[in-house]
Amino acid sequence: QQQVKQSPQSLIVQKGGISIINCAYENTAFDYFPWYQQFPGKGPALLIAIRPDVSEKKEGRFTISFNKSAKQFSLHIMDSQPGDSATYFCAASPGGSNYKLTFGKGTLLTVNP
Amino acid sequence: DGGITQSPKYLFRKEGQNVTLSCEQNLNHDAMYWYRQDPGQGLRLIYYSQIVNDFQKGDIAEGYSVSREKKESFPLTVTSAQKNPTAFYLCASSIPGTAQGYTFGSGTRLTVV
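Residue numbers (this note's numbering), protein chains in the order written: chain A, 146 to 258; chain B, 1343 to 1455.
Keep in mind that the hints were calculated from the coordinates and are not lab data. Ideal placement from N, C-alpha and C gives every residue a C-beta, glycine not left out. Each hint should be verified, as a subset may be incorrect.
Unchecked claim - Computed list of lysine to aspartate or glutamate pairs in DMTMM-like fashion (alpha-carbon distance at most 20 angstroms, straight line):
no. : chain 1 : residue 1 : chain 2 : residue 2
1   : A       : LYS245    : B       : GLU1404
2   : A       : LYS187    : B       : GLU1366
3   : A       : LYS245    : B       : ASP1372
4   : A       : LYS150    : B       : ASP1380
5   : B       : LYS1425   : B       : ASP1380
To be verified - Per label pair, the in silico range of CB-to-CB distance:
no. : chain 1 : residue 1 : chain 2 : residue 2 : range
6   : B       : ASN1368   : A       : ALA174    : 30 to 38 angstroms
7   : A       : GLY228    : B       : ASP1372   : 32 to 40 angstroms
8   : B       : SER1448   : A       : GLY228    : 13 to 21 angstroms
9   : B       : GLY1405   : A       : GLN226    : 34 to 42 angstroms
10  : A       : ILE165    : B       : ASP1372   : 33 to 41 angstroms
11  : A       : ALA174    : B       : ASP1372   : 18 to 26 angstroms
12  : A       : ASN257    : B       : THR1362   : 40 to 48 angstroms
13  : B       : PRO1381   : A       : GLY228    : 17 to 25 angstroms
14  : A       : ASN212    : B       : ASN1395   : 40 to 48 angstroms
15  : A       : LEU253    : B       : LYS1351   : 16 to 24 angstroms
Go ahead and model the full structure; you've got the sequences and the hints to work with.
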């Protein structure tokens, strides 16, 4: 059972455009929703994260939008740059003592110059 | 510099051999994890450990084994029972009781020859 569904699998955006990646979850116990960025041959690195008590969080060009009732959250990359080309993973973790992250399958973003 | 070191970066295994992947961290994190990454599959949890001398199976533990004799070290052995071991393996660690501060190593690419 895939607990975090991520779409699209791949995305091509022109430089300066907006990249949008979506995730949906099923487990209502999830209370921490991070996004990770991974470059080829490297491990994922935390990009930005949100908790369900807020609907939006912005850090520079990166914004997470969160819809608790729909059980969906998304990553928006404004003014996308070629250096943003990477694989992006959404993830989720429940609260309490069970804090393992469950990951989506990833989105390969290509930003054309 | 605090971080997670995985070695080797590339590893080749012959059919029927066991191989061990190293993961060392100097972040003073109690929790450590092993994930397997395959194209289009995202990150799948193999094993995790919340404290020294204790570990639990993740979603795809069959054919793998781990030990946690020291806080800093969490080696993963890929046994001959793992029928399809070719993949990118990622080690991570986190502060106990939270998924925040999840830090990944740079990964080991294992290939069966």
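Quick one: are A/ALA174 and B/ASP1372 within 18 to 26 angstroms, going by C-beta?
holds (22 angstroms)
Okay, B/ASN1368 versus A/ALA174 on CB: inside 30 to 38 angstroms?
holds (32 angstroms)
Can you confirm whether the C-alpha distance between A/LYS245 and B/ASP1372 stays at or below 20 angstroms?
Judged against 20 angstroms, a Cα distance of about 13 angstroms means the pair holds.
How does the Cβ-Cβ distance of A/ASN212 and B/ASN1395 compare with 40 to 48 angstroms: does it lie in that range?
holds (42 angstroms)
C-beta pair A/ILE165, B/ASP1372: status relative to the range 33 to 41 angstroms that was hinted
Holds, at about 36 angstroms.
Range hint 34 to 42 angstroms: satisfied by the CB atoms of B/GLY1405 and A/GLN226?
Since the Cβ atoms of B/GLY1405 and A/GLN226 sit about 41 angstroms apart, the hinted range of 34 to 42 angstroms holds.
Does the beta carbon distance between A/LEU253 and B/LYS1351 stay inside 16 to 24 angstroms, or does it fall outside?
Distance hint for A/LEU253, B/LYS1351 holds at roughly 22 angstroms.
With 32 to 40 angstroms as the target window, see if A/GLY228 and B/ASP1372 comply at their CB atoms.
holds (34 angstroms)
Taking the CB of B/PRO1381 and the CB of A/GLY228, does the distance hold inside 17 to 25 angstroms?
holds (22 angstroms)
Starting from A/LYS150, check that the Cα of B/ASP1380 is at most 20 angstroms away, please.
holds (16 angstroms)
Given the hint that B/LYS1425 pairs with B/ASP1380, does the C-alpha gap stay at or below 20 angstroms?
holds (14 angstroms)
Is the Cα-Cα distance between A/LYS245 and B/GLU1404 20 angstroms or less?
holds (19 angstroms)
The structure shown violates none of the earlier numbered hints.
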